[in-house]
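Protein chains in written order, with our numbering: chain A, 21 to 335; chain B, 219 to 494; chain C, 14 to 479.
No lab work stands behind these hints, which were simulated from the structure alone.
Take these hints with a grain of salt, some might be off.
As the list claims (entries may be wrong) - One-sided excerpt, in silico: chain A residues whose CB lies under 8 angstroms from chain C:
1) T81
2) L103
3) F182
4) P186
5) F296
Remember, it's a predicted structure, so these values are computed and weren't measured experimentally.
A virtual CB, placed ideally from N, CA and C, is assigned to each residue, including glycine.
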Amino acid sequence: MSKAMERHASFRTERGQTSVVRHDVRAGFGMLTPAGIVILAVTIFPILYSVWMSFNSIQLTENGFQFTFNGIQNYVDVYSAPLFWHSVWFTVYYSIVTVAIELFLGLLIALAIQNVEKLKSVSVVVMLIPWSLITVISAEMWSYIYNGVYGVLNAILQGLGFIHSPINWTGEPVTAVIALMAADIWKTTPFVVIILLSGLQMIPKDYYEAARIDGANGWQIFWNVTFPQLRGSIAIAGLFRILQAFGIFDLPFVLTQGGPGSTTTSLAMLGEETLFTNLHFGLGAAVAVSTVILILGACLIFLSAFRGMVGEEAQ
Amino acid sequence: MRKPLYQRVIGYVVLIFFLVVILLPFYWMFVTSFEPNSDISAYPPAYFPHHWTLSHYEEAFGQFHFGRYILNSVIVSITSTFFVLLFGSMAGFAIARLPIKAKQPMLIFLLIISVFPPLVVITPLYMLLRDVGWLDSYQALIIPYTAFNLPFAIWILRNYFLQVPGALFEAAKIDGASVFMSYWRIFLPLTTPGLFTAAVFTFVACWTEFFMALVFNPDNTMRTIPVGIALFSGQYTVPYGTIFAGSVVSIVPIVILVVIFRRWIVSGLTQGAVKG
Amino acid sequence: MKSKVKRWTSVALASSAAAALVVGCGQPSGTGTANNANGSASTVTSTDNMVSVAGVRIAKPTHLVNYKNASGTIVWAESFTTGPTASELVAAFEKKYPKIKVRLQVQPSNTDTNRADLTASISGGSSTPDVYMGDVIWPAQFAHNQLAAPLSDYLPTSFWARFSNGLVAGATYNGKVYAAPLFADTAFLYYRKDLLAKYHLPVPKTWQQLQTEASYIVKHGGAKYGFVWQGADYEGLTCDFDEYLADAGGSVLTNGKASLNTPAAKQALSFMRGLITSGVTPQSVDTFQEAQSENVFTQGNAVFLRNWSYAWSDSQNPASSKVVGKVGVAPLPTFAGHGTNGYSTVGGWDLYLNPHTKNLAAALQFIDWMTSPQAQEILAANSEMPTIKAVADSPSLAKYSPVFALLPQVKFVSRPAQTPNYPAVSKAIYDNVNAALAGSVSVAQALKNANQQIQQALSGSGSGGL
Chain A
21 MSKAMERHAS
31 FRTERGQTSV
41 VRHDVRAGFG
51 MLTPAGIVIL
61 AVTIFPILYS
71 VWMSFNSIQL
81 TENGFQFTFN
91 GIQNYVDVYS
101 APLFWHSVWF
111 TVYYSIVTVA
121 IELFLGLLIA
131 LAIQNVEKLK
141 SVSVVVMLIP
151 WSLITVISAE
161 MWSYIYNGVY
171 GVLNAILQGL
181 GFIHSPINWT
191 GEPVTAVIAL
201 MAADIWKTTP
211 FVVIILLSGL
221 QMIPKDYYEA
231 ARIDGANGWQ
241 IFWNVTFPQL
251 RGSIAIAGLF
261 RILQAFGIFD
271 LPFVLTQGGP
281 GSTTTSLAML
291 GEETLFTNLH
301 FGLGAAVAVS
311 TVILILGACL
321 IFLSAFRGMV
331 GEEAQ
Chain B
219 MRKPLYQRVI
229 GYVVLIFFLV
239 VILLPFYWMF
249 VTSFEPNSDI
259 SAYPPAYFPH
269 HWTLSHYEEA
279 FGQFHFGRYI
289 LNSVIVSITS
299 TFFVLLFGSM
309 AGFAIARLPI
319 KAKQPMLIFL
329 LIISVFPPLV
339 VITPLYMLLR
349 DVGWLDSYQA
359 LIIPYTAFNL
369 PFAIWILRNY
379 FLQVPGALFE
389 AAKIDGASVF
399 MSYWRIFLPL
409 TTPGLFTAAV
419 FTFVACWTEF
429 FMALVFNPDN
439 TMRTIPVGIA
449 LFSGQYTVPY
459 GTIFAGSVVS
469 IVPIVILVVI
479 FRRWIVSGLT
489 QGAVKG
Chain C
14 MKSKVKRWTS
24 VALASSAAAA
34 LVVGCGQPSG
44 TGTANNANGS
54 ASTVTSTDNM
64 VSVAGVRIAK
74 PTHLVNYKNA
84 SGTIVWAESF
94 TTGPTASELV
104 AAFEKKYPKI
114 KVRLQVQPSN
124 TDTNRADLTA
134 SISGGSSTPD
144 VYMGDVIWPA
154 QFAHNQLAAP
164 LSDYLPTSFW
174 ARFSNGLVAG
184 ATYNGKVYAA
194 PLFADTAFLY
204 YRKDLLAKYH
214 LPVPKTWQQL
224 QTEASYIVKH
234 GGAKYGFVWQ
244 GADYEGLTCD
254 FDEYLADAGG
264 SVLTNGKASL
274 NTPAAKQALS
284 FMRGLITSGV
294 TPQSVDTFQE
304 AQSENVFTQG
314 NAVFLRNWSY
324 AWSDSQNPAS
334 SKVVGKVGVA
344 PLPTFAGHGT
354 NGYSTVGGWD
364 LYLNPHTKNL
374 AAALQFIDWM
384 TSPQAQEILA
394 ANSEMPTIKA
404 VADSPSLAKY
414 SPVFALLPQV
424 KFVSRPAQTP
434 NYPAVSKAIY
444 DNVNAALAGS
454 VSVAQALKNA
464 NQQIQQALSG
474 SGSGGL
């Protein structure tokens, strides 16, 4: 080791921590501060307030909210409402199915983009279009497309001879869910594509070289080189997609209004309805907190399945 | 080194198929925005408009103050994205490479924040903003947007910082670079894919956010695009033509930005940032 | 604002005085039964605090405000969104009262979005908007949650005499009036007079007749669909259903209890479902709101349409309608043996007062003027149905729109909105009716479920317990 490196090498002080390390720690906290301040200032109060709301029975008075502590009564009420469990069930299987499909399709498209020479910039631009549409507008567009009388989807299907009479897409329970999923997948697969695409670029080229020299074919290269390196990006894409899917609101709100009946009422819709339609703030907050707990649970399950793949700590 | 032929062919086939599928609904929205109202709910629909009209665009800009909404959205989105990138990359770097404690809890905490349904926090946030006197202003949106988009940016950028070889960090330290300098000079340039990814997502998230923009900025001169488009609808009318016109217009700035910066974005996303 | 003690006293007095004629409990107007929001039939006793105005018992004002010389700036949250109506009104108002300035705050017209927005700001203590437009079904809910101030406390009782019958009752909760009806909405039957003429059919007076005629015309190729209406899973379905229900002689609530388990309800819902199964109405009607149903009609693809009064001008607009000049409008039909004309749900918009307003006098002056003949004429000229007798009963109203001429023939039914949990009550109705229309449940089962959920909603919990 050179003299210089010796100077900077770690050695134990009486405090049990190297001065270099301590300096780094201070720098670390310093760099965290701006983000920390903004996040805490904006989100801490509202989130804590909402959590506190969930433990109270809330009456709106002329002086604002009037809190009456009632322990877990709100949660008891929420968990004994069949509607809540319908929403949980719908939100869970909706999220799992859409995220799985999106991860698969996203990977497919990202690999395709990487494997072609032209069309790269066109692809990126095209990818951004559904993603950058305002969700409510996208939902209106799909509502127009799915319309049972003058919608273009039925026109195309009938024209091609696939169906004889128009399908009532958003009016039947089964097709409503399919319609919703299709609209969601259309809009958010680009999200996955972009994350995976940039993740693909972080894979050093010589890994591929080495594999090819070893005589591996395309499939083997993918499975042994690409996929392991990509797990971090897949994990992130999957993680945040799960977050968004569990909180889905705009799409069912506009496309199906949560119907038919309550078939497509997501948890976020249920929360909004309880809060702002029925004006039951304590119950609504309990729904929201329960949603958060559920999402966190899903994330933790997902992360443990990808254990250690969301970037090892560099030490 | 060129990829084998079969890989390229499959690649093109798959890609073109999906590009078409993705573009089709948008094509439909695009042409509908130029159709007169009487044709919009006609059945069977015209796959290519028989009559063209600019009336919906005129309505969006003339009757509604769409130009102003665009300006507001641009200011809010660009500013928020800037701060998210700046603060987020710093925080992501710190979590990735610096020996601070409590990393896992911090990451989980960030998750919690991005998970919390925004609708629930709207009323307390409203009270907060009202007490500070910041309603009907740009900061009323910029600050919450920054806060709610930071978690995702931090997660993404942390992932990128982790993939830069640690030897670079050591080398920089030996050369006497301060932590901030090594972040600024060395790491940041190496994670351009991450920066562009985070930038794109943050910008789009701010551009398309509806509810906070509705509640915090009620004054008509401070409305943003999503709220503006929502105001096109009457109680019983859904003016598809005008809504789609507004929507097409709202995508144009994004497309322009992407086209202008396409070299950087594409190379950021499709060229390896770290050569072997 | 008065102290809490005074507020509770007046509420207690109001309840014990058994105020609030609840025309809105789903019973056809004119029967005059008194029910209060909590579900028990109550005797009407008179105390010093209650006055009878236009058939409604309301509490006397506690805080009469003289707003003759009001000044200041008020913010008016309006949902006209498009068109010149709002600015015309403001211009006329400011001309008459130059000391008061009105700032417009444009709100989305979607009821739920609007309510969420207003709740977030008003419950957050905001003093603006001072006056806001709100749905006609909000008074009970908003009153209960202190999102609207009791106008009857500040305005003289004579103020309420100006409104057409039944409207003030719908704006009353616990003996106080929380909203000033701004413009009303009525549903009509729109028909293709060219098709009826072609096939020598009269304008139908009963539902059965309508079904037969529609079926006939469709079979002979006159139009693609017979009859379109609003059957989607939303508030509008409650409006449609209430009309069939009232036509059949039923009501959502009787004596404050859910009453959908009656033969009348069965007849109404079976008829609605029958329209679909017989092919007169497309199955997709269970996804139709007003816009979709109107589109089908103005494209020339339906013989009959049930819609609100605004549909008239839309159908005569050459820019969007293919049936200009071919449309007739009539009061809605009813079931055979139930009178000559059918019922229409009361719709419309009211003006509400923000309890935190800092410009009470100016706001009251504004509300007063907006419900005066000058303003109501402007509304009528913009195809909005006026709410005050002076304008609504005037024969010259017909010059604005042929639908106005039909008003005297229409019977009104109000939605059961006198409970703060009305959204849950309504959801119980439209969720189950929609399920029956889709064929997912039988008519009998749907009504049973609806009944049960309505009871649950009335007892204070929201839909399905939330």
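Exercise for the section: Starting from the hint list further up, note which numbers the structure goes against and sort them upward. Expected result: Checked against the structure, the only hint that fails is number 3, while the rest are satisfied.
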